[in-house]
Amino acid sequence: MIAPASSDPNRVQDFLDMSAVLTGFQASTLAPGLDPNNLKSLFLATADSRAGSALVDQLLQQFRALKGTVTDQQLADSLLGVSENPVPSTALLARSIVKLWYVGSWYPLDSQSENDGQVISMLAYTGGLVWKTAQAHPMGYSELKFGYWAKPPPALSEFGTRSEAASQEASHG
Amino acid sequence: MADTSRYDVVIVGAGIAGGIIAHELGRAGKRVLILDAGPAVPTNRGQYMENFFLAAAKTPEAPYPPLAQEPGTAPNPRPTILGLGSWKDPARSYLLQPMPDPTHAPKNLPFSSTYERVGGGTTWHWLGTSLRLVPHDLKMYSTYKVFGPWADWPLEYSELQQLYGKAEGEIGVAASVTEQAPLEGAIGLTYPQGYEYPLPPVPPTVVDDTFTTGLRGMQLFGKEVFLTPTPQGRNTRPYDNRPACAGNTNCIPICPIAAKYDATVTLNRALNTGNVEIRYQSVARKVLTDANGRINGIEYVAWKNAQRPWEGATVQTAVGTTYVLAAHAMENAKLLLLSRSDAFPRGVANSSDQVGRNLMDHVIYLSWALMPEGVYPYRGPLSTSGIESLRDGPFRSERAAFRIELGNEGWNFPIGDPYVTLNDLINGTNSSRLNPITPPGVVSTAPSQRLGGPALAQALNDRLTRQVRMAFLLEQAPQSGNRILIRENGPTDGLGIPRPSIEYGFDKYTLDGFVAARKASSAIYQQLKAIEFTDYSNAKDKPGYFEYEGQSFRFFGAGHVVGTHRMGSDRQQSVVDASQRSHDHENLWIVGSGSFPTVATPNPTLTLAALAFKTAANLQSTLGG
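Those sequence lines, one after another, are chains A and B. The letter at position 113 of the first sequence is residue 113 when you use my numbering, and the numbering goes up by one with no holes. The letter at position 38 of the second sequence is residue 211 when you use my numbering, and the numbering goes up by one with no holes.
Everything labelled a hint here was simulated from the structure, so no lab data went into it. These numbers were taken from a predicted model, which means no experiment stands behind them. Misleading hints may appear alongside valid ones.
Unchecked claim - Cβ pair distances, simulated, as ranges:
1) E143(A) to A230(B): 23 to 29 Å
2) G245(B) to P108(A): 28 to 34 Å
3) N414(B) to A155(A): 33 to 39 Å
4) P154(A) to A278(B): 18 to 24 Å
5) P154(A) to S617(B): 30 to 36 Å
Beta carbons are placed, not taken as given, at the ideal position from N, Cα and C, and that holds for glycine.
With the sequences and hints as input, model every part of the structure.
Here is the structure:
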């Protein structure tokens with residue numbers, strides 16, 4: 001199922017910047033300059049249709065309010081409500097957005113299980129960030145050459161993550 | 174409706190065995206007809222790949238039709254991993270499984286292996302492992318006095334060696350005889366003078382190298398423990414118009430680029446001879462016999478509509494001079510048992526009453542651990558090396574031997590990672606035991622964290638890059654009571670054909686193999702200074718759970734189904750002879766891993782391919798010309 005792409009460019013940009021903070025990956029990893037796959041719009045549209053755009057806007061508003069005032073790690077922790085109980089619904093939405101970027105599957109907000117995900121599209125799966133955290137490639141989608149496995153992979157930072165120092169710089173810069 | 178065309182050979186099943194026989198006879202100018210239950214092989218694997226990508230659970234069956242888990246309504250249903258998850262429910266499970274023992278004794282177990290019923294067969298999702306049997310594997314009774322005299326194979330190893338060469342050429346096996354040489358001393362593996370594999374070996378992964386170094390000098394059960402590169406059916410250079418492996422780490426369920434051999438390769442070769450015809454969507458349901466006991470037809474249902482199989486379906490008969498059943502070991506036995514008649518009340522080829530019995534598998538003891546430092550799994554082919562040195566030894570007079578397959582896919586098989594650890598670290602749960610890192614038996618006082626941002630990426634990196642797993646493929650004893658059978662008025666498939674019922678359990682020989690496997694596994698992880706996480710104590714409601722000697726176990730099926738129409742020289746105790754020709758019907762051959770009298774420890778595809786070459790030669794000389 002492919003949701004219609006969201007059309008408001010500022011909202012898409014904010015969603016992308018927020019996604020970078022939430023996932024710990026650079027925005028340029030999530031959405032390269034030339035971005036034919038356009039996962040950012042697909043995932044925003046998915047969040048809008050599955051969780052309701054009002055809740056998405058509420059989360060985006062929290063992001064805009066805090067951006068630049070705290071480190072990116074603190075911002076991610078705040079949006080995800082990592083020390084709040086019960087977890088607010090915006091934070092549950094933030095979790096589902098992280099999972100969307102990491103494996104390309106939508107998980108309902110109340111999900112507590114890895115079995116609840118639904119793959120959004122082939123490109124959503126092959127774009128999954130979790131494989132980059134393993135310094136690997138999506139299972140079933142290697143763009144590497146014969147024998148690459150005989151050597152250790154490039155460092156994690158080469159896969160487009162944000163280090164804490166770099167993310168601070170980005171948020172304050 | 175009778176089909177008046179007459180073929181030299183009618184083959185049921187377009188997998189590797191049927192494909193090899195069709196090719197060999199087709200190029201010898203014989204007219205061959207193949208019947209296959211599934212839809213036509215797609216012109217490219219794009220649709221199968223899309224099915225895989227979009228599947229929530231990336232199980233071995235995920236790419237292949239039928240996609241729905243409704244065995245009662247499909248024309249070509251088969252056992253699946255998702256169906257095994259609902260093994261007590263015939264509406265979800267193709268196999269009619271026994272109800273589990275309430276005390277968790279190792280009996281009434283669900284048969285846990287799966288297969289496909291499409292052109293190309295189960296090689297679509299085989300791993301590609303192409304190990305040879307060793308000489309003692311053929312002579313378990315003569316060597317170790319186990320399983321009774323009929324458990325010796327009616328074959329000499331020297332003949333099998335020659336056949337292996339043909340099968341390795343057909344598959345395109347990548348390996349080096351030099352790299353296998355240490356196994357001569359360890360388990361008696363030898364090659365004919367001057368033999369070399371058709372393709373150069375697959376380079377080892379970082380996981381492999383770490384084990385090779387870490388295991389140096391280790392001994393278990395009086396034998397040296399060392400890693401050997403696995404001979405495997407995947408291209409290490411362009412070969413056979415297919416590319417070199419790109420390490421998609423996806424051999425099971427599907428190789429995206431056809432670098433791994435599958436039987437559609439052989440099937441195409443067969444069809445290209447111009448003498449081989451294939452009818453898809455044709456499900457054999459009865460082997461017909463004449464008054465003299467000769468086979469005179471295969472009755473099959475030709476279906477048109479996968480959703481409503483009976484709509485437009487017709488019953489037809491394929492007629493030939495000779496017949497080959499080359500369906501899966503389970504389906505061959507099912508078809509023979511279904512072919513009961515007044516003249517053959519036990520079914521066709523079953524005067525011995527051995528059809529469907531001695532059902533065996535490689536049952537897997539699976540273990541997993543976290544290495545002290547990154548070894549970078551989720552890269553390369555799913556498995557590239559194994560510990561083969563424990564596959565044979567005097568202990569085989571007492572308990573099952575095993576090979577150890579080393580995985581390159583982290584904890585994907587054991588717990589379903591990376592999904593489980595990812596969800597744990599985000600949700601603040603700990604199904605993986607990695608949030609926080611809490612090995613079995615350890616009580617953690619630290620709460621599970623909920624992570625996001627760089628902390629999430631870092632924690633995942635730490636966990637995922639250190640994961641390793643080993644799969645111990647245990648040989649299972651042949652037991653008459655382990656079998657498939659057909660129950661009167663039982664559930665059917667979507668064409669009204671009865672489905673296999675299972676009776677299955679483990680004897681002491683097999684169970685003591687599990688105990689030895691657990692001991693070996695823990696010793697290996699200790700040697701490597703890894704933290705072991707294997708734990709089945711909370712798997713009581715999972716398929717394959719059992720208890721033995723006060724310990725909790727869970728077994729998995731390797732998909733290596735054997736024994737259901739075993740070969741032997743004694744027609745009272747076996748179904749086929751060394752050429753896989755029926756003892757009872759002179760124009761019937763029953764081929765595949767179902768012919769194996771014992772399962773031994775190597776993955777069966779290479780051996781069943783080798784035997785298919787012997788059958789093809791036997792058929793050709795029978796047909797003459």
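Evaluation of the provided hints:
1. E143(A) to A230(B): 23 to 29 Å: 25 Å, holds
2. G245(B) to P108(A): 28 to 34 Å: Hint holds: Cβ distance 30 Å, inside 28 to 34 Å.
3. N414(B) to A155(A): 33 to 39 Å: Holds, at about 38 Å.
4. P154(A) to A278(B): 18 to 24 Å: With Cβ atoms ~51 Å apart, the hint is violated.
5. P154(A) to S617(B): 30 to 36 Å: 33 Å, holds
The structure fails to meet hint 4 from the earlier list, while all remaining hints are met.
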